[in-house]
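A.B. asks: Line by line, the protein sequences give chains F, C and S.
Take the first sequence: its position 24, counted from the start at 1, is 60 in the working numbering, and no numbers get skipped.
Take the second sequence: its position 68, counted from the start at 1, is 120 in the working numbering, and no numbers get skipped.
Take the third sequence: its position 99, counted from the start at 1, is 1380 in the working numbering, and no numbers get skipped.
One should not assume that every hint holds.
Listed next, the in silico DMTMM-like pairs over lysine to aspartate or glutamate satisfying Cα-Cα at most 20 Å (straight line) [as the list claims (entries may be wrong)]: (1) S/Lys1346 x F/Asp94; (2) F/Lys39 x F/Asp91; (3) F/Lys116 x C/Asp112; (4) F/Lys121 x C/Asp59; (5) S/Lys1321 x S/Asp1311; (6) S/Lys1375 x F/Glu123; (7) F/Lys116 x C/Asp59; (8) F/Lys121 x C/Asp58; (9) S/Lys1375 x S/Asp1311; (10) C/Lys63 x C/Asp112; (11) F/Lys116 x C/Asp58; (12) S/Lys1379 x S/Asp1311; (13) C/Lys121 x C/Glu197; (14) S/Lys1375 x F/Glu119; (15) C/Lys63 x F/Glu119; (16) S/Lys1285 x F/Asp91; (17) S/Lys1285 x F/Glu38; (18) F/Lys116 x C/Asp191; (19) C/Lys153 x C/Glu164; (20) F/Lys121 x C/Asp191; (21) S/Lys1346 x F/Asp91; (22) C/Lys121 x C/Asp191.
Since the hints were made in silico from the structure, they are not lab data.
The lines below spell out each chain.
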Amino acid sequence: MEKFFLGIGIGLCFLVLLCLYRGIFGPTVLNRLAGISAIGTKTLVILLLMGFIYDRVDMFMDISMVYAILNFIGTLAVAKYLETKGEV
Amino acid sequence: MTRATDDVIIKTVSRIFTPFIQIFALYVIMHGHHSPGGGFQGGVILGASFILLVITQGLDRTRRRFSQKLGTIFCSIGLLIYSGIGILCLILGGNYLDYGKLNKILPVIAAEARSLGILGIEIGVGIGVMAVMYSIFSDIVTGGE
Amino acid sequence: MFLKVLSISFILTGFFFFTTATIGLLRFPDFFCRLHATGKGDTLAVLLSLIGLAIYHGFCLASLKIISIAVFYFVAQPTATHAIARAALRCGVKPWAKGEERR
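Given these sequences and hints, build the entire structure.
C.D. replies: Structure (C-alpha cells):
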C-alpha cells in the first residue's frame, strides 16, 4: 500500500511542476496568483500522503490544516491588494 | 487596504471562520510537546486571524475590538510571563528557567513542574507574537500614521 | 478488503481530477476559463482524496480531523476563487470570445 501512495505522491509532484509554468510565465499577475493557489492545494494532499507513508498521521494532519488556513488568507490578501491598486 | 470589502460572500465566510481559526491556534499552542506546534506557530496563526479580520471587515471596525494600546499591552504581557517564570525559578533557588524548582509552590513532583513551566512560557510567547504581528501589520497598512 | 478497494478508487478519482484541472490551467485560452478549471477541479479533487484517505484509516479521531480539513477546504477555496475573479473584473480584464487569439 505504501508503494501506491508513493506513486500518487510522485505524480502530484509532477503536476506541481506543470502548475509552476503558469506561476512563472503567466502573462499577467493574476494568472500567477491562480497558479500559486493551485500549487498550495496540491501541497496539502502531498503532505497528508507523506503522513500515511511514514505512519505518523497525527503529526502531518496538523501541518496540512495550518497550510490550508495560511493559503486561504494569503490568496485573499493578494487579491485585495491587486483590486485596490487598480491596474494589473 | 484598510477599507472593508463590499462583497457579501467574503465578509460572511470570514466572519464564520474566524472563531474556528482562533480555536485551532490555541490547540496548536497547547499541544506543543505532542505534535508540531508550540508558541511561535500558534501565535502566527492567531495574528493571521486578526489580519483576516482587518482585510475583510475594515480597519476601524477591527480597531474598535482590538485597539493599538491593547496591542502594546499584550506585547509586554507576553514578555512579562516569559521572564517572570524565569525569575521566579531564580528566586526559588535554581538557575534561570530551571522549572524543576517550581515544585516548591505548586503541589506537583519535579518532572510535572517542568512540563507546566514549558506550557507557561509557550502561552507567553504566543500572546507576544500575536500582538507584534497585529501591530506591525496595522502600522504598515496605514503608512505609519 | 472492500474498504481498501473503496479508498483506492476514491484516491484514483481524485488524482484524475487533479490531472484534468492542471491540463485545463495550461491549455485554456483565457484567464477566466483557467480560473474555472482550477477553482472547481481542484476543490473536488481534494474532497475526494481526503475522503479516500479517511476511509483507509478506519473510524477513529484522526479520520474526523481529516474530514474537518476537507469541509474547511470545501468552503474556503471557492471563496478565494471568487475573490480573484472579482479583482480581475475590477481591473478590467475582458472575457474571451471565439475567434480571438489566446491571451
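A.B. asks: Would you mind marking each hint as holding or not holding in the structure?
C.D. replies: Hints versus structure:
1. S/Lys1346 x F/Asp94: Between lysine 1346 of chain S and aspartate 94 of chain F the Cα gap is close to 9 Å, so the pair holds against 20 Å.
2. F/Lys39 x F/Asp91: Answer holds: lysine 39 of chain F to aspartate 91 of chain F is near 13 Å, not above 20 Å.
3. F/Lys116 x C/Asp112: holds, 17 Å
4. F/Lys121 x C/Asp59: holds, 17 Å
5. S/Lys1321 x S/Asp1311: holds, 16 Å
6. S/Lys1375 x F/Glu123: Roughly 13 Å between the alpha carbons, so the hint for lysine 1375 of chain S and glutamate 123 of chain F holds.
7. F/Lys116 x C/Asp59: Given pair lysine 116 of chain F, aspartate 59 of chain C holds - Cα atoms ~11 Å apart, limit 20 Å.
8. F/Lys121 x C/Asp58: holds, 16 Å
9. S/Lys1375 x S/Asp1311: holds, 9 Å
10. C/Lys63 x C/Asp112: Roughly 15 Å separates the two Cα atoms, so the pair holds.
11. F/Lys116 x C/Asp58: holds, 11 Å
12. S/Lys1379 x S/Asp1311: Answer holds: lysine 1379 of chain S to aspartate 1311 of chain S is near 11 Å, not above 20 Å.
13. C/Lys121 x C/Glu197: Roughly 14 Å between the alpha carbons, so the hint for lysine 121 of chain C and glutamate 197 of chain C holds.
14. S/Lys1375 x F/Glu119: OK: lysine 1375 of chain S and glutamate 119 of chain F at ~15 Å, within 20 Å.
15. C/Lys63 x F/Glu119: At roughly 16 Å apart (the allowed maximum being 20 Å), glutamate 119 of chain F and lysine 63 of chain C satisfy the hint.
16. S/Lys1285 x F/Asp91: holds, 16 Å
17. S/Lys1285 x F/Glu38: Since the Cα atoms of lysine 1285 of chain S and glutamate 38 of chain F sit roughly 13 Å apart, the hinted pair holds (cutoff 20 Å).
18. F/Lys116 x C/Asp191: holds, 18 Å
19. C/Lys153 x C/Glu164: holds, 11 Å
20. F/Lys121 x C/Asp191: holds, 19 Å
21. S/Lys1346 x F/Asp91: holds, 16 Å
22. C/Lys121 x C/Asp191: This hinted pair holds, its Cα atoms lying about 13 Å apart.
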